[in-house]
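Peer 1: Sequence:
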Amino acid sequence: MKWLSGLIREIGKWAGFVKLSHTVFALPFALASMVTAARASFGWPGRRVFLLVLFCMVTARTCAMAFNRIVDRNFDKANPRTARRHLPAGAIGLASAWTLCLASGALFILGSSLLNRACFLLAPVALVVVCFYSLTKRFTDFSHVFLGVALALAPVGAWLAVRGNFSYWPDPLDGAILPTILATAVVFWLVGFDMIYALQDYEFDREHRLHSLVVRWGPDNALKAAFLSHLLMWVLLFLFGLLSRFRVAYFCGLVIILLCLLLEHWLARRRSLNWIQNAFFRLNALISVIFLIVTTTEIMFPRYGQPLH
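Heads up: the sequence shown at position 78 corresponds to 111 in the numbering used here, and the numbers run straight through without jumps.
Heads up, some of the hints might be wrong.
When the alpha-carbon atoms are kept at most 25 Å apart in a straight line, the in silico SDA-like pairs for lysine to any residue are as follows [as the list claims (entries may be wrong)]:
#1 Lys46 with Leu295
#2 Lys257 with Ile326
#3 Lys52 with Arg196
#4 Lys110 with Ala130
#5 Lys110 with Pro252
#6 Lys52 with Val161
#7 Lys52 with Pro121
#8 Lys52 with Ala124
#9 Lys52 with Leu143
#10 Lys257 with Ala282
#11 Lys46 with Val82
#12 Lys52 with Gly197
#13 Lys52 with Arg315
#14 Lys35 with Lys46
#15 Lys52 with Ala151
#16 Lys46 with Phe75
#17 Lys52 with Asn149
#18 Lys257 with Leu319
#19 Lys110 with Leu300
#20 Lys257 with Ser200
#21 Lys46 with Asn149
#22 Lys52 with Val281
The following label-pair restraints were derived from C-beta to C-beta distances [said to hold, decoys possible]:
#23 Thr173 with Glu43: 32 to 38 Å
#24 Ser54 with Arg171: 34 to 40 Å
#25 Leu272 with Phe237: 45 to 51 Å
Hint data in this document are derived by calculation from the structure and do not stem from the laboratory.
Quick reminder that beta carbons are idealized off the backbone N, C-alpha and C, glycines included.
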């Protein structure tokens, strides 16, 4: 069974290289968007669309993350916090990393082509956006916003996978406004928690002239901006539920999400930077999963809510 244990270690190594576990951030929002777009069928777009959405999510994120690790490898090597990552530590070769990046990008375009024409035509644009973020910290303080836009493409793409377009006629609310609100909420959510995450590298980024709002404003002001960003995110999620005519389950979920956000900021302010990993990963993963659960509940069991039509 040595070959099996070796295979498991190899899979674990590559999953760690692209932080596959962090897919839990964007994927639940994409799936929530998918079930909302398919609400006429009680949230189920069909097995084919569901599997292709999962496939495209994983391959697009793998491409973007591999590209990030490649272009940041020298900074990662110089930063004590990241020096043990796979590329600077030599656990993965540069050629192998590029192969994974390009192959996953090609698979994403292939998967998009199997969904519909709109997804296929926009797939290369999506890849450029999600990869471009990795370069922004070199020239703009608003790199968090670029990352937010990249993550917000997940619910937009999932909506397009089901509907095939953003329709402003005959019902702009159900055709274009809802996915726009959800995508904007994701942008503010990401901006908030990415600023918290960037606190870990404040001194390193200043020394190496890497840009972020934490470097520009300082940790205290950046935390205030992150809190405001998360409040805006919560308001947008409230609006999303209101316009979707969701009821008890959804708004109970929003209360839990608000408590998670408050705890995240308490941890970021009151504890050492070592607690950022808890605030960043566990709480934000919980937020996205709760949002998926309550949205799916409202769509699948409309007696707890009320359909748009």
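Peer 1: Just to be careful, I want the Cα atoms of Lys35 and Lys46 compared with a cutoff of 25 Å; is the pair within it?
Peer 2: 16 Å, holds
Peer 1: For the pair supplied as a hint, Lys52 and Val281, is the alpha-carbon distance within the 25 Å limit?
Peer 2: 35 Å, violated
Peer 1: Look at the Cβ atoms of Ser54 and Arg171 and judge whether their distance stays inside 34 to 40 Å.
Peer 2: 27 Å, violated
Peer 1: Starting from Lys52, check that the Cα of Ala151 is at most 25 Å away, please.
Peer 2: 29 Å, violated
Peer 1: Given the hint that Lys110 pairs with Leu300, does the C-alpha gap stay at or below 25 Å?
Peer 2: 28 Å, violated
Peer 1: Against the 25 Å threshold, does the CA-CA distance of Lys257 and Leu319 hold or violate the hint?
Peer 2: 22 Å, holds
Peer 1: Between Lys52 and Arg315, does the CA-CA distance stay at or below 25 Å?
Peer 2: Holds. Lys52 to Arg315 sits at ~14 Å (cutoff 25 Å).
Peer 1: Is 45 to 51 Å a correct range for the gap between the Cβ atoms of Leu272 and Phe237?
Peer 2: With Cβ atoms ~38 Å apart, the hint is violated.
Peer 1: Is Lys52 close enough to Val161, meaning Cα to Cα at most 25 Å?
Peer 2: 20 Å, holds
Peer 1: Is the Cα-Cα distance between Lys52 and Pro121 25 Å or less?
Peer 2: 16 Å, holds
Peer 1: Would you mind confirming whether the straight-line C-alpha gap from Lys110 to Pro252 stays at or under 25 Å?
Peer 2: 24 Å, holds
Peer 1: Next pair to validate is Lys46 with Phe75; report whether the Cα-Cα distance is within 25 Å.
Peer 2: Not satisfied, since the Cα-Cα distance of roughly 38 Å exceeds 25 Å.
The structure is inconsistent with the numbered hints 1, 2, 3, 10, 11, 12, 15, 16, 17, 19, 20, 21, 22, 24, 25, although it conforms to all the rest.
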